[in-house]
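J.: Please model the entire structure based on the sequences and the hints provided.
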Amino acid sequence: MQELASEPVATQPIEERLELVRFKVDKRPHIRVHTEACRGCDLTPCVYVCPAGLFEILGGEMHFSYEHCLECGTCYVACERKAIEWDYPRGGWGVSFRAS
Amino acid sequence: MSLINNAADDAVFMRGESVAELWVVLQEQEGLPPEYNQEVLAEAKEVAAQYPGQLQLCAVQLRAPLSSPVEKSTVPFFKAVVPERLYVLEHPALGRYTTEGYVAALSWLIRERTPALIVTSATVNGQDWAPRLAAQLGLPFVARCLRFALEQEALLALRALYGGRAYVQTRTRLGRQPALVTFAPGTRGTPPMTGSPAVGLPMPEVITYQPSLAFEERNPSLQHLGIEAPSAEEVELEAAEKIVAGGRGVGREGFAELAAFARLLGAAVGASRVATDRGWVEPERQIGATGKSVSPRLYIACGISGAAQHTSGIREAQTVVAINPDRNAPIFALADLGLLGDAREILRHAMQLLQEESVGV
Amino acid sequence: MRIAVCLKQAPDCSSVYVDPVSGEVDRERFVQTLNAADACALEAALRLKEQRGGSLFALTLGPDESDEVLRVALAMGADTVERLWHPSAVDWGPLTIAAALAARLHADSSSLPDLIFCGEQSSDWASGTVGPALAAYLGLPQITGVIGLEALPDPSGQLLLRVTRRLERGYRERLLTRPPLLLTVHETLNEPRYPSLPAHLAALQATIAVCDPLSLPQFAPDVEAEEATIIEVRIPRPRPHRLAIPDSQLSPFERIGEIVSGGTSRRQTRLLEGPPEELAHELVRFLKERGFV
Amino acid sequence: MHAQQQFDAIVVGAGPAGSSAALVLARAGLRVALIERGEYPGAKNVSGAVFYAPGLLAELLPSFWDEAPFERYITRRVLTFLGKESAFSLDFHTRHFALPPYNGVTVLRPKFDRWLAGKAVEAGALLITSTVVDDLLYEGARVIGVQCRRDNGALYAPVVIAADGANSFLAKKAGLQREFSAEEMSLGVKEVLRLGTRTIEERFHLTGDEGMASEYVGEATGPIKGGAFLYTNRETLSLGIIVQIASLAQQRIRPYELLDRFKQHPAVAPLVRDGLTLEYSAHMIPEGGWQLVPRLARAGLLVAGDAAALVFAAGIFLEGMNFAVASGLAAAETALEAHQKGDFSAATLAGYRKRLEQSFVLQDLQRFRLTPAFVNNERLQNIYPELLCQAAEQVFRSEGRPRKKLGSTILTTLRSKVSLWTLLRDGWQAGRALFF
Chain A
137 MQELASEPVA TQPIEERLEL VRFKVDKRPH IRVHTEACRG CDLTPCVYVC
187 PAGLFEILGG EMHFSYEHCL ECGTCYVACE RKAIEWDYPR GGWGVSFRAS
Chain B
12 MSLINNAADD AVFMRGESVA ELWVVLQEQE GLPPEYNQEV LAEAKEVAAQ
62 YPGQLQLCAV QLRAPLSSPV EKSTVPFFKA VVPERLYVLE HPALGRYTTE
112 GYVAALSWLI RERTPALIVT SATVNGQDWA PRLAAQLGLP FVARCLRFAL
162 EQEALLALRA LYGGRAYVQT RTRLGRQPAL VTFAPGTRGT PPMTGSPAVG
212 LPMPEVITYQ PSLAFEERNP SLQHLGIEAP SAEEVELEAA EKIVAGGRGV
262 GREGFAELAA FARLLGAAVG ASRVATDRGW VEPERQIGAT GKSVSPRLYI
312 ACGISGAAQH TSGIREAQTV VAINPDRNAP IFALADLGLL GDAREILRHA
362 MQLLQEESVG V
Chain C
35 MRIAVCLKQA PDCSSVYVDP VSGEVDRERF VQTLNAADAC ALEAALRLKE
85 QRGGSLFALT LGPDESDEVL RVALAMGADT VERLWHPSAV DWGPLTIAAA
135 LAARLHADSS SLPDLIFCGE QSSDWASGTV GPALAAYLGL PQITGVIGLE
185 ALPDPSGQLL LRVTRRLERG YRERLLTRPP LLLTVHETLN EPRYPSLPAH
235 LAALQATIAV CDPLSLPQFA PDVEAEEATI IEVRIPRPRP HRLAIPDSQL
285 SPFERIGEIV SGGTSRRQTR LLEGPPEELA HELVRFLKER GFV
Chain D
914 MHAQQQFDAI VVGAGPAGSS AALVLARAGL RVALIERGEY PGAKNVSGAV
964 FYAPGLLAEL LPSFWDEAPF ERYITRRVLT FLGKESAFSL DFHTRHFALP
1014 PYNGVTVLRP KFDRWLAGKA VEAGALLITS TVVDDLLYEG ARVIGVQCRR
1064 DNGALYAPVV IAADGANSFL AKKAGLQREF SAEEMSLGVK EVLRLGTRTI
1114 EERFHLTGDE GMASEYVGEA TGPIKGGAFL YTNRETLSLG IIVQIASLAQ
1164 QRIRPYELLD RFKQHPAVAP LVRDGLTLEY SAHMIPEGGW QLVPRLARAG
1214 LLVAGDAAAL VFAAGIFLEG MNFAVASGLA AAETALEAHQ KGDFSAATLA
1264 GYRKRLEQSF VLQDLQRFRL TPAFVNNERL QNIYPELLCQ AAEQVFRSEG
1314 RPRKKLGSTI LTTLRSKVSL WTLLRDGWQA GRALFF
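In order, the protein sequence lines correspond to chains A, B, C and D. According to my numbering, the first sequence is numbered sequentially starting from 137. According to my numbering, the second sequence is numbered sequentially starting from 12. According to my numbering, the third sequence is numbered sequentially starting from 35. According to my numbering, the fourth sequence is numbered sequentially starting from 914.
Hints in this document: simulated from the structure, not taken from any laboratory. Be aware that one or more of the hints could be misleading.
On the chain D side, residues computed to face chain C include the following (Cβ under 8 Å) [claimed, not checked]:
hint, residue
1, 952
2, 1039
3, 1041
4, 1044
5, 1064
6, 1065
7, 1166
8, 1190
Don't be surprised by glycine CBs; every beta carbon is placed ideally from N, CA and C.
T.: In structure tokens:
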């Protein structure tokens, strides 16, 4: 039997998916990541659980962008170091689902 | 459904005359690329060509009377496309742009000549006087066309809707009066004007008017303080032809070098959110989802990894160069040229090369 | 000082979704909001009012749902609001709309407002016409594309405004002016305020006055003469790839094709590795080749 | 204090729980503030979304069946065990679910939630949109209002119903709920794909307004604990995966890649072929079940819906909206009772829990309290579905050779991966979790 998992799965880039979502981006970030706390974290669950792919490790440092946040709260639950200060954006800002 | 239509004998804009006129109102302004006029001329010429012998392409220039009779000619306006006729309307109040001056002058000329169609570039000033003129004279008006055409009884136009997310074709009924159209600048993508003025092209017939216009010279309450040119770093990102942008990989110190390189290139400085968040550059320089969307001809991304939040702002850049040490940086997927390395070092060397050349070594 | 602001409810562009297959705009997904430039016009008007005293009147022309933008205006600080509407107005273009607004502003028994603010353009049609046309109908001077506005101290006690207009490519025009005047405001002028809860609540519960523009004495729309009919809404760029400015050598048809398809091809990346000197050399060569230096 | 900022009841969150509560309270003549942080109700809300037992609302809204924006009513339920390249389905179709009161309907949340909130507004509730509630206001130990994130943002009421969703900041701030662990919370990511009405009816064997709710376990989420779903709307499909956050973090697979993998599974790909993605969304789901249900009330405060973790995610059951609505209604009834008594103490509001204990809400959660752990069992997630498919393959395979009896075929396949003892133990636990 041939292994399906070994075949590359064609994945749609996350940014293309996010293009379909409406964001009203507030200039004030609603989430802060205390990146000092991320140093030495090799599990980096946030990178893998965030459904919008907002966490990236670049050059050994945590890089986070809040703009296309889907406001699910998963990163906050997943982070064991409590490095994520999570809140909702101001009322009326942030993500709005239209077709779901 | 097509914008291209065959000429008809009984087109309403003919008004029983043998030849109708299609005007292109030329605009001059500090900082305004002359290509914008050229592009409208080229577009209008194509429309006129649909009605050979019936629709005459004319240009209209508004200006203050020249102090010396041997003036810097109007020829530099015309590169590839030369109108059949040029109306020069001279009035002391037309030395610089004012709404009232343009509206009064054009109202006068329209009464004098009654063209079939008036087109101008939808520049900031074009969008200032054209709608006002249309309202004042009751002319059919279509703003910011990407394309337009004449039918017997209507003006067909292609327009962008919702910030370019959709396009719409409209049909505006023409009456006996002329219609007014502004043409979205940059749509046609005229090649940059280099080289000498058109040589060997026929000269237009020039008709000069010096009417006494019935308007207060200017709104007395308005005082013009002047027009300020931006420095290279100040060029508004949205309007910049070239942008050199930096991100995390450039660092605070690197931005000085990046700015120097940008200056040499005549480019504006842009930045990713990391750079503006950390105060390396002022927030207005930010490109991306929380910043600006830009559409330069050249975009050089230095030390920018290319997170979606940034790249969503550079989708309309024509040529992209990316400099980044990380081979897997997503920015490379967007780039025409990718350089794997440290942006600061590469820029430093490139700057040297450019300077050496300009000195003529 | 009396200030009027003209507002429009328009779909937020981020909520506009056009089906790449059918080319149809999915209107169900629209999020209707106060047009961004209009919100800045409102904010600018409020700041002036707060500085100099006076009253602020916000009006809009639109169907029932447009009450929402007037509620935003009330919550932000407008003193009075009014909505103009007649079912036939769905077909009106910007010139007719401007004429209706002008008729309404004329209808007040006292004189015209000292200052009128409009957004420079709307997020849907972006024709930038209502402001200048309204100024024309009211016989007021206009300044369009305002990106800077400052009330200067003036010995005469009259309002003196220092205005910055945005021209092409970062050029700026600076003007000094006095009311009466109409200003159209660019959406970068300011950051509109976020209303307080009591103001928000009061606005939510306010009754919005409605006026039938056809009942206004100075308004007789000649809609037939003016407006464009929509023939067809076309497919935009289907995917958010880069939009190249089309080559002027192409035929008009091909150019429009390129515009609507979002540029025909995604270019291949040439990825280079090597010592910085060499890469710099390549960079300069590339820039020359493409005519950038 | 402005009279304008004083209400009889404040409901935080205009989802199904909040709007149902506000509807009941406003009907009873109370001055109700319904506060929503989105620009419109439903803007921030995501679920599958099958609304089971929608009849709960029909009692309140006589025109419900004609008016509510349903997509399709569910007449077909499918449970599929996915192997790597095979699928074993239980497929149930009944016309009995095709008549009001429907057993379940699919909805699109931005539409449905907006409609339901509109009903509360019609009844007299004041819907305050674009407003985040940051905290509760107290007098001593009693909750007396909420603090909104706006200037002068205090609103007062003797009773507050927190229906503020899965993250429920309010339940936590009130000390009713603890911080969640990554083991008890799931992440749902979803896409809505447009196929067209006709294709949907043909592809899923549906007629008229009939709809299908289909759930997947096993290879649907690869090695990650969770499952997948695929529901039919009128002209679109709602499809997504629901995965345990801890497991996702451990396996280091991004949720959207997992979703793509699911869409490309040979048993799923033909179902979604040519589907045009309309929207991508994500939401957290308190799937911990009984363990996660917080204290539901304190003086002046009631917690309803997802905020109270009232989600029934137990194997073949995946329900939330009905639990939300039922809890919203119970919270409102409790608040009304408190108003009648003029007593908003913890003791009076404890009636809320009793109401839920008498309804399916807490009874189902308690009865199936073992199920979440059982469903997240390593073998159930990653071994049995594949084994089941292999067994089925052995059973159905015709090789021109003499066959064994079915029982021995199946047992041999199962025992190849799992000891008999484990198998028995899992069987016993399955029984405890689901059957008796």
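J.: Evaluate each hint against the coordinates.
T.: Hints versus structure:
1. 952: It holds, given that the least Cβ distance between residue 952 of chain D and chain C is near 6 Å, below 8 Å.
2. 1039: holds, 7 Å
3. 1041: holds, 7 Å
4. 1044: holds, 7 Å
5. 1064: holds, 4 Å
6. 1065: holds, 5 Å
7. 1166: Not OK, violated: residue 1166 of chain D not within 8 Å of chain C, min 25 Å.
8. 1190: violated, 10 Å
In terms of the numbered hints stated before, the structure departs from hints 7 and 8, listed from lowest to highest.
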